[in-house]
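Each chain, letter by letter, is given below.
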Amino acid sequence: MKFNVLPLVFILLSNITIAQQPTKTVAIKGGKYIPLYGTDSSVVTVKDFHMDIHPVTHQQYLDFVIANPKWKKNKVTRLFADKGYLMDWTSDTTFSNTISNSPVNTVSWYAAKAYCEYVGKRLPTVDEWEYVAMADETKKDARVDSLYNQKILSSYETPKTYLKQVGKTNKNIWGVYDLHGLVWEWTLDFNSVLISGESRKDVDTDRNLFCAGGAVGAKDLMNYAAFMRYAFRGSLKANFCIKNLGFRCVKD
Amino acid sequence: MRKRLKSTKHMKNYILLLLLVFVLFSCNNTTTDETNTTNNAVEATEEFDEMSIFQLPSTWKTQNNETVEFKDFQGEVLVVVMIYTSCKAACPRLVADMRNIEAKVKSEANQPVKYILVSIDPETDTPERLKAFAIENQMDTEQWVFLQGSDENTREFANILAVKYKEISPIDFSHSNIISIFNQQGVLVHQQEGLGVDNKTTVDKIIELAAP
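Chains as they are written, first to last, in the working numbering: chain X, 564 to 815; chain U, 2 to 213.
If you are wondering where the hints come from, they were derived from the structure by calculation, not from laboratory data.
Hints should not be assumed to be uniformly reliable.
[To be verified] Derived DMTMM-like pairs (lysine to aspartate or glutamate); straight-line CA-CA distance at most 20 angstroms:
| # | chain 1 | residue 1 | chain 2 | residue 2 |
| --- | --- | --- | --- | --- |
| 1 | X | Lys610 | U | Glu168 |
| 2 | X | Lys636 | U | Glu51 |
| 3 | X | Lys646 | U | Asp50 |
| 4 | X | Lys635 | U | Glu48 |
| 5 | X | Lys636 | U | Glu48 |
| 6 | X | Lys636 | X | Asp655 |
| 7 | U | Lys201 | U | Glu109 |
[Said to hold, decoys possible] Residues of chain U placed beyond 12 angstroms of chain X at every Cβ, according to the derived structure:
| # | residue |
| --- | --- |
| 8 | Thr60 |
| 9 | Val69 |
| 10 | Gln75 |
| 11 | Gln112 |
| 12 | Lys201 |
Predicted model, so just to flag it, every value in this text is computed and none were measured.
Glycine included, each C-beta is placed from N, C-alpha and C at the ideal position.
Please put together the full structure from these sequences, using the hints given.
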């Protein structure tokens, strides 16, 4: 028996070393802040949580797909991912080596959510994501810094940033990389942003949010980058798979 | 002491690893059978249309405290709206819209139609509360179904409908007002957006499905 088992142990161990490590997380100390949308009375409290230090990569996503075949490119249900799903993958389990360590993109909200659950985490809420993303290298809230805003906006103008590798740019004060500059990211409650077409005419509880009311309701008009993110989230549907949209996970 | 704990932990891990190897090893013979069953399961779900909500794995509680999944409604036309019972502004009008649609469809349809009201405030809207709401609004007959899910299921379902909502305060939500129609295969075929809009197209669509 021992004779049989030993090679197996060896194979198992070697597999472990090859397998992609889950993304490291860092602790985020909760706090209060006023998000882009809201009045002075709507200070948001974010609880302590842990955030992945970089977005999920193609290689990491591949491990998930292998373990969960229903998320293969050719098997996935259209209800959960549109035709763009894993568009650049050359097959169910292959893609160009050059993107292994780049953020996975063209994945739907359902797919991102399933991935995070698979690794024992979850998607961040909009408030959590924005809370960490307002930091720069030295400040927890850099939103008043025009350079911070300028840098983000210029990254939005740069084409094909989703091909860049994760973890190569400066980390922010929390130790988190790539919140800006590579891909935009799915959030758990992206559908809480009420500035899409239909909400302009019929959302009744917030009368500011009608035809261009989105801008009127914005707290911080200087923060145009954040405005773009909220507008983008408002335009998404959960099965959309988009080139410049990836995700990362968090845990409580 | 700490060190010792650590080493016992290592030991434990090692034993676990060994156990895992044994389990994997002993499973070897049965693996083929298991793959077959999973394949069957996959095939069973593939009978649904690719866009069917009957594929959703989520479970819900009705106003009668029964546990249901969407696939339990196979073969029925579904008219679905998302509301919350403590809502004072839009929901009563949305509920009225639903009742108007139901009244117009009733005499024409010869196949079952279910009117489903999914709560976006599952914490408050317990089955008991939904039941009380149903009675109060004379919607306590079998064509009316009120559903309470988990926060997560609710958000996921809202995403299927592309309904957006946000908690403004513990008793107030802002939300989009959309009535959605699903055919007997669970595929979304029509959405009516807005409050108090002309419901003729919506009614026609339901009748087209329920009285072919």
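Hint check results:
Proximity of Lys610 (chain X) to Glu168 (chain U) is assessed by CA-CA distance (about 17 angstroms); at most 20 angstroms being required, the pair is judged to hold. Restraint check for Lys636 (chain X) and Glu51 (chain U): satisfied, since their Cα atoms lie roughly 14 angstroms apart, inside the 20 angstroms limit. Taking the CA atoms of Lys646 (chain X) and Asp50 (chain U), the gap is about 15 angstroms. The hint holds against a cut of 20 angstroms. Annotation: proposed proximity of Lys635 (chain X) to Glu48 (chain U) holds, straight-line Cα distance about 18 angstroms (limit 20 angstroms).
A C-alpha spacing of about 19 angstroms is found between Lys636 (chain X) and Glu48 (chain U), which places the hinted pair at or below 20 angstroms, so the restraint holds. As the CA atoms of Lys636 (chain X) and Asp655 (chain X) are separated by approximately 5 angstroms, the hinted pair is consistent with the 20 angstroms bound. For the hint pairing Lys201 (chain U) with Glu109 (chain U), the CA-to-CA distance comes to about 13 angstroms; that is within 20 angstroms, so the pair holds. No beta-carbon of chain X is positioned within 12 angstroms of the beta-carbon of Thr60 (chain U); the least distance is around 16 angstroms.
Residue placement check: Val69 (chain U) keeps its beta carbon more than 12 angstroms from all beta carbons of chain X (closest about 19 angstroms). Remark: the non-interface label on Gln75 (chain U) is consistent with the geometry, its nearest Cβ contact in chain X lying 15 angstroms away (cut-off 12 angstroms). The claim that Gln112 (chain U) lies off the interface holds: its Cβ sits roughly 24 angstroms from the closest Cβ of chain X, which is beyond the 12 angstroms cut-off. The beta carbon of Lys201 (chain U) sits about 18 angstroms from the closest Cβ of chain X, which is more than 12 angstroms, so the claim that it is off the interface holds.
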